[in-house]
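Take these sequences, add in the hints, and give me the full structure.
Protein chains in written order, with our numbering: chain A, 306 to 1200; chain B, 306 to 1200.
These are calculated hints, taken from the structure and not from any lab test. Here the structure is a predicted model, which is why all the values come from computation and not from measurement. Wrong hints could be hidden among the right ones.
Given that identical chains are not distinguished, each listed pair holds provided it fits within a single copy or across any two copies.
When the alpha-carbon atoms are kept at most 20 angstroms apart in a straight line, the in silico EDC-like pairs for lysine to aspartate or glutamate are as follows [said to hold, decoys possible]:
1. Lys637 / Asp610
2. Lys1041 / Glu1116
3. Lys682 / Glu651
4. Lys535 / Asp1035
5. Lys647 / Glu381
6. Lys621 / Asp587
7. Lys1062 / Asp929
This is what each chain is made of:
Protein chains: 2
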Amino acid sequence: MNRSKSRFVFDFAEGNKDQKDLLGGKGANLAEMVRLGLPVPPGFIVTTEACTEYFATGDFPAGLDEEISAHLAACEAAMGKTLGEANDPLLVAVRSGAKFSMPGMMETVLNVGLNDESVQGLATVAADPRFAWDSYRRLLQMFGSTVLGVDAEYFSAALGEQLLDQRVDKDQELSVASLQALVASYKAIIRNHAGRDFPQDPREQLDLAIRSVFDSWNTDRARLYRRQEKIPEDLGTAVNVLAMVFGNLGDGSGTGVAFTRDPATGNQGVYGDYLEDAQGEDVVAGIRNTLPLAALEAIDKDSYDQLLQIMDTLEKHYLDMCDVEFTIERGKLWMLQTRVGKRTPEAAFKLAVRFVDEGLIDMDEALRRVSGEQLTKLMFPGFEVNAAVDAIATGMGASPGAAVGKAVFDSATAVAWAQRGEDVILVRQETNPDDLHGMVVANGILTSRGGKTSHAAVVARGMGRTCVCGADDLQVDVNGKCFSLPDGSKVREGEVISIDGTSGEIFRGAIPFHDSIVVQHFEGSDHEESQLATAVARLLAHADRVRRLSVRANADTPEDAARARRFGAEGIGLCRTEHMFLGERRQLVEDLIVAEDDRERDLALEALLPLQREDFERIFAAMDGLPVTIRLLDPPLHEFLPNLTELSVEVALAREQGAPDERLRRLLSEVQRLHEQNPMLGLRGVRLGIIIPGLFAMQARAILEAAAAQTARGLEPRPEIMVPLVATTDELAVIKRQVEAVADSVRQETGYACDYKIGTMIELPRAALTAGQIAAHAEFFSFGTNDLTQMTWGFSRDDVEATFLPHYLDEGLLSVSPFDSLDVDGVGELVRMGVERGRLSRPDLRVGVCGEHGGDPVSIHFFEEIGLDYVSCSPFRAPVARLEAGRAVLLAKGA
Amino acid sequence: MNRSKSRFVFDFAEGNKDQKDLLGGKGANLAEMVRLGLPVPPGFIVTTEACTEYFATGDFPAGLDEEISAHLAACEAAMGKTLGEANDPLLVAVRSGAKFSMPGMMETVLNVGLNDESVQGLATVAADPRFAWDSYRRLLQMFGSTVLGVDAEYFSAALGEQLLDQRVDKDQELSVASLQALVASYKAIIRNHAGRDFPQDPREQLDLAIRSVFDSWNTDRARLYRRQEKIPEDLGTAVNVLAMVFGNLGDGSGTGVAFTRDPATGNQGVYGDYLEDAQGEDVVAGIRNTLPLAALEAIDKDSYDQLLQIMDTLEKHYLDMCDVEFTIERGKLWMLQTRVGKRTPEAAFKLAVRFVDEGLIDMDEALRRVSGEQLTKLMFPGFEVNAAVDAIATGMGASPGAAVGKAVFDSATAVAWAQRGEDVILVRQETNPDDLHGMVVANGILTSRGGKTSHAAVVARGMGRTCVCGADDLQVDVNGKCFSLPDGSKVREGEVISIDGTSGEIFRGAIPFHDSIVVQHFEGSDHEESQLATAVARLLAHADRVRRLSVRANADTPEDAARARRFGAEGIGLCRTEHMFLGERRQLVEDLIVAEDDRERDLALEALLPLQREDFERIFAAMDGLPVTIRLLDPPLHEFLPNLTELSVEVALAREQGAPDERLRRLLSEVQRLHEQNPMLGLRGVRLGIIIPGLFAMQARAILEAAAAQTARGLEPRPEIMVPLVATTDELAVIKRQVEAVADSVRQETGYACDYKIGTMIELPRAALTAGQIAAHAEFFSFGTNDLTQMTWGFSRDDVEATFLPHYLDEGLLSVSPFDSLDVDGVGELVRMGVERGRLSRPDLRVGVCGEHGGDPVSIHFFEEIGLDYVSCSPFRAPVARLEAGRAVLLAKGA
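Spelled out as C-alpha cells, the structure:
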C-alpha cells in the first residue's frame, strides 16, 4: 500500500453524511453534525479502508499509527487534556460504525485511558471517587472480555461475590472501597485468564481497542446477521474514537434518546426518554425507569431548548425523521449520535406522506422511502404483541399473518365446518392439490413436513392464507384426527389453536389478533378512513403514475380474479387450468387417462368441455375488459392418480388377505405405466397436449366458446392462450394450428369472432436460448421463472428445501434461495437473452413473468431493468408489485 | 415468381455432377456423362425449383409448359421422332431424381407416348407386335396406378385372369391377342376406378406423369424414409425425361448393372450382371437369372469393350468406384445412370486405401470418404446373414453386435456360470446398477422394459456389450427363472438364445456369428493381417495426424482403462467413482448413509478409503503417463438403498403377518427420508460433497495417496479431480479448499508432491452461463452433455424414452433424439457460451466433453468447430472419435 496516497484517519470536521462507505454510518453522521455546528465531542474516525487493509495483512497498515497519533493530539488539544494523563486524564470511547447499522453485533470500549494512576486523577477532578472507580471497574470488565477475550462470566461472578459480601443488591450501592476491591479482583482475573496484565499504557489500550473493534466484524453472530440482512461481507467497519463525556456526574447530568417527531405516526411533537445521572448503557440496560423527554424542560430548560433547536435543525437538514442520542454533562449538552430514524412499516408510510403534506419532500421521494417489503408486512393480520402466551411448538413461518381456528385434519371437515360458520385451521402432514378445497376455506394451514417452498407454503402465499409448515415436533395422525407433541400431549379435532405465519409459532387456544387495515381498505371493508390506509393508497396511486411495468395477478378462480382486480391488478397473467380438474371432476380425468380407445377419450373430453367453459365464462366476467392469460394443462397426468407406493401396499395387502380386487389391480398397472422417475422432467406441459389428441383443442374450445358467449352478453373478454413447457418451435406450431382450427370453427358456430392471442411460457433454458425461433409463432412470452430456476440450477423446489438448501443458506453458499429472489447471474441471464432474442425476431412481442418472482421486490427491479412489459403475481402481492414497479423507475433514474 | 429470371428445365448437355441441388442426383450425373461424350439417350431435366414452386402453388409455375415444349422438341429432333406419333412414336421415360438417393420411394413412368394409334406404329417399326402391346399394357398399368391412383390390385387381378384363361404361367407367354385383350380390360379398369379415360394425348400423359413424380415426394413412405435418413423435407425432387431405349427387342438387346471395380474390396476387375432381351425392371424383379457381366464379351464384344472403356473413363473422372445402369438396344449401348457406388462399411475402408495406393487420391481424400458411422458398424460382431432362422421376438436394438449364450436371470448366476466358462445372456425386466457384475460377464443383455437410453442400453453401449431392450412381448419372471412368449411357450434358465443388437431380434438356439475383425485387431487378437483391419488402421493413423481434438475414454475400471488405451484413447476423460461403491462395498455405503453421528460416518469413510485407493492405483498403472479425470461421487444417495415401493410393500406384508422386523422398519424410514420426488433434481453431485462432511476429502485422499504410491513406484500418474454438478463458484471453491488441504497432508505424509489438476463438470445451464466466474477456480471444464441436455430441455433420459420421445420422432417433431446427437441450437449454444466465457476468464482453461455425445460423429464436428480440447467417450467409441476428429478438420477446411 502506498502510504502517501491513503489516509486512514479523518477528523469529524472533515467528513459528511454521504461518506458512509468510508466513514461508516455513525461516523459520517457525527461528521455531518460537526458540519452543522452542533456540539459533538472531539474525536476522529479510523476508516473502513484501514479495516479492510488490516484484514488483508493481519496488521495495522503502514502509517496508521502516526495518523492516529496526530488526530489524537488534535483531540487532546481541543479538550485541553492528555489521554490517560495522571492528574486530569482525557478518556475516549472506541465505537464501531459500519456502513449499515448492525445493532449489538459489534464491540464498543468506553473509558479508554483509565489506569491505576489516572483513576485517582479522575476522582479528584470529578470530585467523585465512586464515579472514577466505577468507571475503571467498567473499563476492566469491558476491555477484559472484549479486547482480551476473557469469559465475561468471571467478571459477573466476581461482582456477584462482592455484592454478596457487602450485602447489597445493586452495583450502584457498592462503596468506593468495594469498587477498589473489585478492580483488584478484575485485574487478577485478566492476569489469570488472558495470560497478561491489563495494559496500563493508555495508547496501548487505544490500539488494542481499535483492533478489537475491527475483529468484531468477523464474529459468527456478525456474519450470520449480515447474511440475514444481505449486507456484503467485504465492507469492514470504521472505528469512531470520541472524547468521553459523562452523564453520570450527579445532578445536572444525564443522558437520553429522542426522535425529531412521533416515529409511529409522523405527528410533530416531543418524543424521547431521559435518564438523570446516567450513562447511555444504563438506558439500554433498562434498570431504572426513564422520564419522558418533556420532563427535561423542568430539569434543565437551557439544555432542553437547545436540544429541540438541534432536532429542528437536523430534521430540516435531513428532511426526514431522525433519532438522536445525547448526554448532558454537568449542564453541557453533547450530541453523541444521529441518523435517519428506524421505523415500523406502518410509520414508514405515514411519515412519507406527512413529509409530503408539510411540503418538505415530493411524492417521488416519498415513494423512495417506503418499500414492498414493508407493504407486505402490512398486508397480513398480526397477533397482539402483549398477548404473552407460550408457544407449544414452532415451525417455519411460511406465509405471514395470524390465524385462529379449530383444528381439522381433512379438507371435507374443513369445508363442512366452515360452511356452518366455524373458523378452522387445516392441519396436515403435508398438503397436495387435493387439499385445495380445505385450504380455501381455512383461516390457516399447519403442516408437520415441508419447507417454505412446499405445496402448502406456495399455495398459501398465493392465496394470502396464513401458513406454518415443517413443524416437525408435531406427530400428525390424520386418521386419529389429532396431533401429538413431544411431551405426549395431544391436540384433537375441534380444539382451538392459533398460528403465527411470521414467527412460525403455534399456540393452544385463541390469541387475540387484529386484521390488516390495508387489506380491509382494498376489500372495501374498512369502516373508517384510517391514516395508514390513506397513506398506502396515495403512495400506490403515485407508483401507478410513474411505473412502466404493468401488474397482473395469478388467479385460477373467479373469486381470486375479482380480488386481484380490487387489489389493482390489470389482468390475469397466469390462470392455471389444472386446479379446474380436481375435486369431483377428478373422475373424468381418470377416465381420460385410462381411456382404452379414441371413443372413450372423446367421451371424457366432451364431459369436461362444458365444465371448463363455465369456469372461463365466470373468469372473463370478473376480468371484463382486461387480458386473461390461460395456461393449458401443465402437470404430469399421474398427479391426478393415486400414489404408487401407497397403492402398491394396498394391492399387496389385499392379495395377502386373499381379496384380489381387479379394479385396484388395473388402476395399479395404469399408475405404474405413468410412473416417472422424475416427473418434473417428464410427460407434462405441451408434451401432454401433443400426446393426448384433443386435450388442448378441448381447452381452446372451452376458452373461445366462453369468450364468444360473454361477447354475446356485451362483455369484452380478452383471452390469451398460453402453451406451457415449450422446448421447440415446432411444438408451439402444432398447438397453434389446433387452436386456430378451433377458433375458425367457434367463429362459424357462434358468429362471434373473439380476439385472442396465443403465446408461450418460457420456462426451459432451451426456450430462452432459442427464443428467436419461438417468437415466430408466439404473440407473447411469459417467463415461468420457477421452472426456469429449477432447470437452470438443476434442483427441484420440492426436493432441495428438504435437503441441502437450508444447509447452503446457513453456510453462506447462497445468500438467498433462488426461488425467493431471482438469480440474476444465471436465470436472469436466460431471461435477458430470451427477451432480447424474442424481440429481435418479433419487435411487438409482449413479455411478462408469471413465476413467484413477479411479486418479489428485488426481482421486480431487475424486470424493470431488462424491459419486461408486465409482472404477474398472486393477488395479495399485486399492491407490492405496483409499489415496487414505481420505485424501480425512480431508483433507476437515481435519487 | 418472375418468369424471366427462372429456368425450370435443363437439357442434359447443360448441367454437371455438382448441380445435384438443382438437377437432382440422377440428372446431374446424366448431364456429367453427356459432358464426357458418353452415349446417353436424349432428354431433359425439370428442376427441383420447379417442384418446390409446384408445391407452393399446387400448379406448374408459369412458363414451365413452354419450357417443356421447347426441350421436348429438341429431344424429338435429336431422335428424329415425335412423341406418340402414330407411325414411329418417340416414347419417353419419366423418372424421379432427388438430391439424395431415395431408392424405391418415388415414382417412375415408362413408355409415355403410347396410345391406341402409336402402339400400332411401334409394332411396325420394331417389327415386334408382342413387344409393342406388352409395352402399352405396362404403360396402362403403371400410369393407372401411379398417376391416376387406381389400386394396383385391379390390374394384377385382370392379369391373373388372363393367364388363367390362356392356361400359361408367365406374362411373357401371353400372345399378342391376349395382350390386346388385357389392354382393353386395363382401359376399362381405369375408366371405372379413376373416373376418366386413359389420356390418349401423349403430351397430357407427359404432364400428368411429371406432376405425379412431384407428388410422390410427399407420400407417407417417402416422408418416413427422409426422417430416418435425415434428408430435409424442403428439397423437392427433379424429374428426368429421357427418350426410351429398349433392351427387350430380342437378340442383340439387353440390360445390366455394373461396378467399375469390386464394390466389396476395391479390387480391379469386371463386376456386374447382364440380362439378355430384358428391361431394367426385369433385373430388379429377379424373375430371370442374370449372367455375370463378363459373359457379355462373348455375346457382344463391341458393346462390352465400349462399356469397359466407359467405366474406365467414369472412374478416372470421378476418382471413385462408380456403379452404372446400361441398356443395349439392338447392338447400340446406352448409359442410363451412373453415380459414386454405394458400398458396405467394410468396402468403404478398403476402397479408400486402395485408391490411395493406386495414386488416384491422397490420404486426406480417403479419410473424407469413410465415416465414424461406418466404423461403428465394423466394431461389432454380426450374425451370418445366411442363417435363416425366425426370431421369437423383437425388441429395440440398443447396443449393436451379436451375442449367443445361455439365458440367466440374475447377476449372481451370470457370474457363477461365466466363471466356469459358460457363455451367458443376462435377461432382466430392466437393469440397475446392481446388475453391473452380471452385465460385465455376460455376452449380451436382454430386457423387457426400457428404451435405447435405459440403464441397460447406456451401460451396454459403454462396455461395447450387445444389448436388446424393451422386448415387451417377453414376460420375464426373475423368480421363476424364465421368460414367456405371447404364445405361452417359455425359455428357461440355461437354454441357449441369440440376440442381435442391431435388429433387436431374439432367437432360440445358437445362431452362427463372426467377431469384429477391427476389434480383434485393436485387441491384438487377430491372427492374420486382414485387409480391412489394415485399411482401418491406416485411416485412423492419418486421422491421428490431422486431428486437433484429443480423444479420451470414459472408463471406470482398470480393465476398461487398458482397453481404452489399446483403442487409442489418450487418457481417461471420465472415471465414475459410483461404480466403485457397489457390490460388497454397498454395505459400507449404507453405513455411511445411516450413520447417526460423526464417529459412525468417519468409520465408514475410513473403511472405504483403502478400497478406493486400490481402485485408483490400478487405474493409474493402466494409464501411466496419461491424464485420468476422476469424477467425485455423483448420484443421489438413495440409489444405493432399496426401492421405496418394494420396501414399503415388504414392510406392510411383514407387519400384516405379525412379523415386524425392526431393522427393516428402520431401513424404510431412512429410505423415506432420502426419497426425492425428482432425484435427478435433488441431492447429488457436489451437493453430496458439501452435505456429507469428509466424503469428497476421503475420495481426494484415495486419489492422491494412490498417485503418490505409483509415483514412488516410478510411474507417472496424472490425476485430474473433477467436481460434479457445480452450479455456483462457491461450491467449487469449498471442495477445492478441501482437496488442497488433503494434498498438503498427503505430500507431508508420503514425501511425494504429485501433480494434479482440479476442475469441474459443466452440466447445469447455470454453470455454462456463469462459466466466467467458475473458471476462476477450475483448471479444466468437462461438459456433461447428458445432464446438460436433460436440464436444457427439461426432460429426463429415463422418462422421455418411455413416453413422448418416440412419438415426437415419429411425428417429425424431432429428427433425432438430443441424447443421441447434440442439440446444437439449444444445448450447443450453452456449450459454446461456456467455452467462450470460461476461456475469457482463464485463457489456458482445458475444455472437453464427457457425455455420450463425445462419441457421436455429428456432435464431434460441432466440438471441433467451437474449439474444445478433447472429447471423451466409451472405449469402443474411441476409434470412431479419432476418425471423426480427423475428418472434422478436413471437412472444416472444405473438400
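Hints breached by this structure
The structure breaks hints 5, 6; every other hint is satisfied.
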